[in-house]
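Enquirer: What follows is each chain in one-letter form.
Number of protein chains: 2
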Amino acid sequence: MKELEDRIRRDGVVKSSQVLKVDSFINHQMDVELFRDMAKVWHKDFADAPINKVLTIEASGIGIAAVVATEFGVPAVFAKKSQSINLDGDVYCTKIKSFTHGRVYDVIVSKKFLGPNDHVLIVDDFLANGCAMDGLLDICRVAGATVEGIGIAVEKGFQPGGKHLRDEGYIVDSLAIVDSMDPQTNEIEFRHQ
Amino acid sequence: MKELEDRIRRDGVVKSSQVLKVDSFINHQMDVELFRDMAKVWHKDFADAPINKVLTIEASGIGIAAVVATEFGVPAVFAKKSQSINLDGDVYCTKIKSFTHGRVYDVIVSKKFLGPNDHVLIVDDFLANGCAMDGLLDICRVAGATVEGIGIAVEKGFQPGGKHLRDEGYIVDSLAIVDSMDPQTNEIEFRHQ
Numbered sequence: 001m002k003e004l005e006d007r008i009r010r011d012g013v014v015k016s017s018q019v020l021k022v023d024s025f026i027n028h029q030m031d032v033e034l035f036r037d038m039a040k041v042w043h044k045d046f047a048d049a050p051i052n053k054v055l056t057i058e059a060s061g062i063g064i065a066a067v068v069a070t071e072f073g074v075p076a077v078f079a080k081k082s083q084s085i086n087l088d089g090d091v092y093c094t095k096i097k098s099f100t101h102g103r104v105y106d107v108i109v110s111k112k113f114l115g116p117n118d119h120v121l122i123v124d125d126f127l128a129n130g131c132a133m134d135g136l137l138d139i140c141r142v143a144g145a146t147v148e149g150i151g152i153a154v155e156k157g158f159q160p161g162g163k164h165l166r167d168e169g170y171i172v173d174s175l176a177i178v179d180s181m182d183p184q185t186n187e188i189e190f191r192h193q
Numbered sequence: 001m002k003e004l005e006d007r008i009r010r011d012g013v014v015k016s017s018q019v020l021k022v023d024s025f026i027n028h029q030m031d032v033e034l035f036r037d038m039a040k041v042w043h044k045d046f047a048d049a050p051i052n053k054v055l056t057i058e059a060s061g062i063g064i065a066a067v068v069a070t071e072f073g074v075p076a077v078f079a080k081k082s083q084s085i086n087l088d089g090d091v092y093c094t095k096i097k098s099f100t101h102g103r104v105y106d107v108i109v110s111k112k113f114l115g116p117n118d119h120v121l122i123v124d125d126f127l128a129n130g131c132a133m134d135g136l137l138d139i140c141r142v143a144g145a146t147v148e149g150i151g152i153a154v155e156k157g158f159q160p161g162g163k164h165l166r167d168e169g170y171i172v173d174s175l176a177i178v179d180s181m182d183p184q185t186n187e188i189e190f191r192h193q
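Residue numbers (this note's numbering), protein chains in the order written: chain A, 1 to 193; chain B, 1 to 193.
Quick caveat, the hints were computed from the structure, so don't treat them as lab data. The model shown is predicted, which means the values in this text are computed figures rather than measured ones. Treat each hint with caution, since some may be false.
Simulated crosslink set (DSS-like; lysine-lysine; CA at most 25 Å straight-line) [stated by the list, open to error]:
#1 B:Lys21 to A:Lys81
#2 B:Lys163 to B:Lys97
#3 A:Lys111 to B:Lys15
Calculated from the model, a selection of chain B residues having no Cβ within reach of chain A, i.e. all distances over 12 Å [unchecked claim]:
#4 Arg9
#5 Arg10
#6 Val104
#7 Asp138
#8 Thr146
#9 Tyr170
Cβ atoms here follow ideal geometry from the backbone N, Cα and C, with glycine treated the same way.
Turn these sequences into a full structure, and let the hints guide you.
Expert: Right, dumping it as structure tokens:
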């Protein structure tokens with residue numbers, strides 16, 4: 001998606017060859033007009049899929065999921081990262097490792113909101129190692145929900161998550177795939193799609 | 001807002017005289033059509049305010065903030081609940097106490113995304129004791145931002161947060177104010193507004 005690549009080139013900050021900051025428009029301040037344009041692309045790309053739910057994980061995915069769900073006209077569900085006393089016991093639970101924060105999280109979705117009748121589009125801001133995505137896919141598997149596809153804003157193409165998921169047969173629709181970044185020049189190479 | 005009150009009566013679950021669950025449409029599964037209707041009410045109520053930014057706190061506020069920001073045509077910023085290694089050091093930081101989770105959080109907003117030129121609408125899903133809101137207001141104060149108003153989905157009118165904020169002079173636009181709840185009958189009394 002050219003708009004997103006241009007925006008990453010303009011406002012993204014390459015902190016190292018592995019770390020790209022997009023906090024001015026995606027995951028701290030949110031440019032919701034951009035989110036809407038992203039949602040339109042996914043809506044077109046998944047026009048033939050019977051998607052009835054958008055699934056993401058807190059926190060950075062929630063804003064994108066809300067705008068995408070609006071575009072699709074379906075509800076969104078966000079997986080929670082720790083047991084809240086306000087969640088009932090009847091939940092799907094899995095563990096994910098966060099490389100960003102260097103710890104393991106419990107990830108939880110209430111059984112009320114995901115089941116065999118659900119056709120899910122999973123969305124998230126980043127795909128790198130794919131640990132968060134593996135957790136969400138695990139929850140969908142246990143719930144019996146059908147994963148129609150995975151929509152990612154920024155995929156780090158030099159990390160294994162995307163390849164791994166595509167090899168498993170998932171449709172991974174990443175709107176920008178970064179193949180390499182240079183923290184000296186702030187130059188970013190995107191994969192031709 | 002009658003639509004929200006009706007929805008709370010239909011799908012809300014009174015867990016105790018203090019705890020109301022709205023996780024099927026607000027803070028776990030999100031009914032984004034409802035969010036849009038809520039956003040329209042705030043857009044009308046704050047039509048004369050020069051709002052250029054929507055501010056909330058992760059995680060439950062983010063979906064609402066994204067939809068509200070879309071309606072206002074402005075960016076949204078969500079405060080983060082703990083120091084992430086991907087956040088630069090230049091941040092506003094305050095501490096808030098969560099009664100729900102029984103712990104104290106660091107709350108952080110990057111200085112890049114809030115400053116004296118900002119006219120902010122703060123939104124959140126719940127207002128009870130007002131601890132999270134006090135934290136966001138503290139950050140706005142230090143940033144020199146103008147708080148044009150506070151939009152709340154569900155205010156617990158039997159807890160002191162709303163009164164306290166109104167006494168301080170803030171415009172608190174709560175779309176549903178629960179004055180009392182009965183966990184035996186699931187009956188909810190809303191304040192006439």
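Enquirer: Would you mind marking each hint as holding or not holding in the structure?
Expert: Hints versus structure:
no.	hint	in the structure
1	B:Lys21 to A:Lys81	holds, 18 Å
2	B:Lys163 to B:Lys97	holds, 19 Å
3	A:Lys111 to B:Lys15	holds, 18 Å
4	Arg9	holds, 18 Å
5	Arg10	holds, 15 Å
6	Val104	holds, 15 Å
7	Asp138	holds, 18 Å
8	Thr146	holds, 18 Å
9	Tyr170	holds, 23 Å
Checked against the numbered hints given earlier, the structure satisfies every one of them.
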